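*Asks:* What follows is each chain in one-letter form.
Number of protein chains: 2
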Amino acid sequence: MKLSQFPLHTQKKAPKDESSLNASLLIRAGFIEKLTAGVYNFLPLGLRVLKNIEAIVRQEMNELGGQEILMAALQPKQNWEATKRWQTFNALFKVKSQYEAWYALGPTHEEIVTPLAKKYIFSYKDLPLALYQIQTKFRDEPRPKSGLLRTREFVMKDLYSFHQEEADLDNYYEKVKEGYLKIYEKLELPVLLVEASGGTFSKYSHEFQVITEAGEDTIYHCSNCGFSQNEEIIEDSKKCPRCHHSLVKMKGIEVGNIFKLKDKYSRPFNLTFLDQAGKSKIVMMGCYGLGISRVLGSLVEVSHDERGIIWPKAVAPFQYHLVSLLSGNSKEDKLIKRFSEEVYQKLLKTQLDVLFDERLEISNGEKLVEADLLGLPQRLVISPKLINTKKIEIKNRKTGELKILSLQQLINYSQHEKHLSK
Amino acid sequence: MKLSQFPLHTQKKAPKDESSLNASLLIRAGFIEKLTAGVYNFLPLGLRVLKNIEAIVRQEMNELGGQEILMAALQPKQNWEATKRWQTFNALFKVKSQYEAWYALGPTHEEIVTPLAKKYIFSYKDLPLALYQIQTKFRDEPRPKSGLLRTREFVMKDLYSFHQEEADLDNYYEKVKEGYLKIYEKLELPVLLVEASGGTFSKYSHEFQVITEAGEDTIYHCSNCGFSQNEEIIEDSKKCPRCHHSLVKMKGIEVGNIFKLKDKYSRPFNLTFLDQAGKSKIVMMGCYGLGISRVLGSLVEVSHDERGIIWPKAVAPFQYHLVSLLSGNSKEDKLIKRFSEEVYQKLLKTQLDVLFDERLEISNGEKLVEADLLGLPQRLVISPKLINTKKIEIKNRKTGELKILSLQQLINYSQHEKHLSK
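Chains as they are written, first to last, in the numbering used here: chain A, 508 to 929; chain B, 508 to 929.
Keep in mind the hints are simulated off the structure, nothing from the lab. Some hints here could point you the wrong way.
No distinction is drawn between identical chains; accordingly, a pair holds when it is met within one copy or between any pair of copies.
List of simulated lysine-lysine pairs, BS3-like, C-alpha gap at most 30 angstroms [as the list claims (entries may be wrong)]:
#: 1; residue 1: 509; residue 2: 682
#: 2; residue 1: 603; residue 2: 892
#: 3; residue 1: 902; residue 2: 844
#: 4; residue 1: 584; residue 2: 758
#: 5; residue 1: 541; residue 2: 788
This one's a predicted model, so the numbers in the text were calculated from it and none came from an experiment.
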């Protein structure tokens, strides 16, 4: 993609109305736009990252045997009354139609997926079942001040599993836990597995926490045995209950939460099945959330420097940022432009993902500053000092590692990199 | 995908609370579920079709130079007040946060995209610009009785274009018109291009109408010169104003609508640019809608028979429906099961899209009835009468054309078909 044909608007200064680092950098780099408190628009670069994260999550959900569906955001009031959450779910947006009906604007989908599952579940033969969606959700947050970490509208993946008995739920829960860890590994997002409240129906749930000062959750962690618990449930914040080592207090962003719901929702909706003896039993459920847009914000929180964002390869909107620097000497510039175009076309032909800054009205300095701000994994520079030898400078945004390569060497290198990332 | 591992629930009878043919068939065949009036959940089969339609539309939008973004559904009240539509847009869902803010639940995005475009548009060099999204929208419809044709929550593609002057808008508008016709052709959805109201700011807009009795729009059409106009603007419903031939009255489903907005939205948001002479001018805009979920419903309205849906190849959830029929003779059934599995694995290996009905608890008759109801383009049957010769029956759902092929012939045939559809 040539930058002259791509809508990009970057800002030198941080936006004034944005206290969070993630939104501030994402707005400066032109990935998102703040529409109003807790509500953001995804611009072309931001949407690319969002979709890359979605693809990684979707692949893992499919590997966990999940079937993708898309449930509605407008959820009938009666479904929320059935679980008694119409009055108790604090962040619920309530919408009234002019034609009588009341809806909850879906903050989560237990109230929808449980009656939906009745369509598929009759006997033990229909179990287990796993349904998931990647969808926009809504929560009426009191203080949306953390950028993409806490918004009133957000993209989330939610998976729901259905089982004959607790033992099967327990097994699947462990598989999902492993699957989540694989996802965060692919995303290069370091997470800590933390015990959290299981509600009234299970001892613990598990949260996947990104440790950073920007986090809103407080976690106590034992560096000796690995024990980690959310502040909300810990009994003694000084000593590890497992090994008696001292605990460390940390801040974290919850980027995933898995829950054994057991019969919490299957009971109010009477989701039952006939077991092998023909006896009617209640279905056991699990639910597994992963905040797609929150992951995007978290990646920026943990992967940036004073110059801008540093995207992990797996989610970067483009892999290569090709920058054409000009000398002001018209003969030399002609050669630079021609060679840059040649490099760009060649990279496209080898199916590489390139953003090409060929703009003439932008200074060399601005181009390089913008490349750092955007944070694509590899920067390619074609410059006056290298044009005579037809070499290209390649710089790794993360490590700063720099190489000078010929076009053919660059192609070989990039093909090798592409192969590695598969 | 093996049906024993795929959540499918079909119904023999039409649902009682569904008067529309499209929703009735889609519910019976397990593609969607009605959550409440005008609100549907997309089940695994339905979501596959939706995504296939999206992919076709997205490809064409990219070819039209559109850049994909994702704007928020929660739209600040003040944006709708700026265009004076907060009070006048009848189908607007209005949502109140507990923390003061009021939102419109986005039924369309002119109020959001116009101020957003200010980020990118400063001078004539930044024009033209085209931004689009594929997103869930909301309208508080009074009588949602037409299944997916008119819902309170729906998936829509909306493209917005920005130009220096009307002439450029006019040119782009014609290109989008051609692009839309290409999309409907790929979707195998026959449409009529119909003149409709242009609002106060343009003589006409254009609608893409699917002619069917299920449609809610009334169109007058001249079979002699092709003139077509929506009832809402026609002056004389008897004679064609162009060739004086008599007009025919028809019913249609509007599956696309393109509009020259000119300065209707750029003026209230003061979206201007500096022309080549450095003079500030107002930006000219166009908007182009295409109802993704409405297209899905329309396809069912125009492509079905008494036995079920008939999906066009380009959007079918799977291309092949492999059915394994059993004889009751255990020795023969063993051969049938083994051969069916071999065929399935071979088709998967050649990257074909197959739904394999290998279920044991379903009768042969039910399997065939269900295959017709689901409406995948090609049905493959492995049956007692053909097992000795290891032949497979292949039947085209649309034409009824039937062939008896060996596995190798089937592979050759399917590879040829796949190649053709590219």
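*Asks:* So, for every hint listed, does it hold in this structure?
*Replies:* Status of the hints after comparison with the structure:
1. 509 - 682: between (43 angstroms within a copy, 22 angstroms between copies)
2. 603 - 892: neither (65 angstroms within a copy, 60 angstroms between copies)
3. 902 - 844: For residue 902 and residue 844, only the intra-copy Cα distance (20 angstroms) is at most 30 angstroms; the inter-copy one is 57 angstroms.
4. 584 - 758: neither (36 angstroms within a copy, 35 angstroms between copies)
5. 541 - 788: Classified as between; 26 angstroms across copies, 49 angstroms inside a copy.
Hint compliance for this structure: hints 2 and 4 are not met, and every other hint is.
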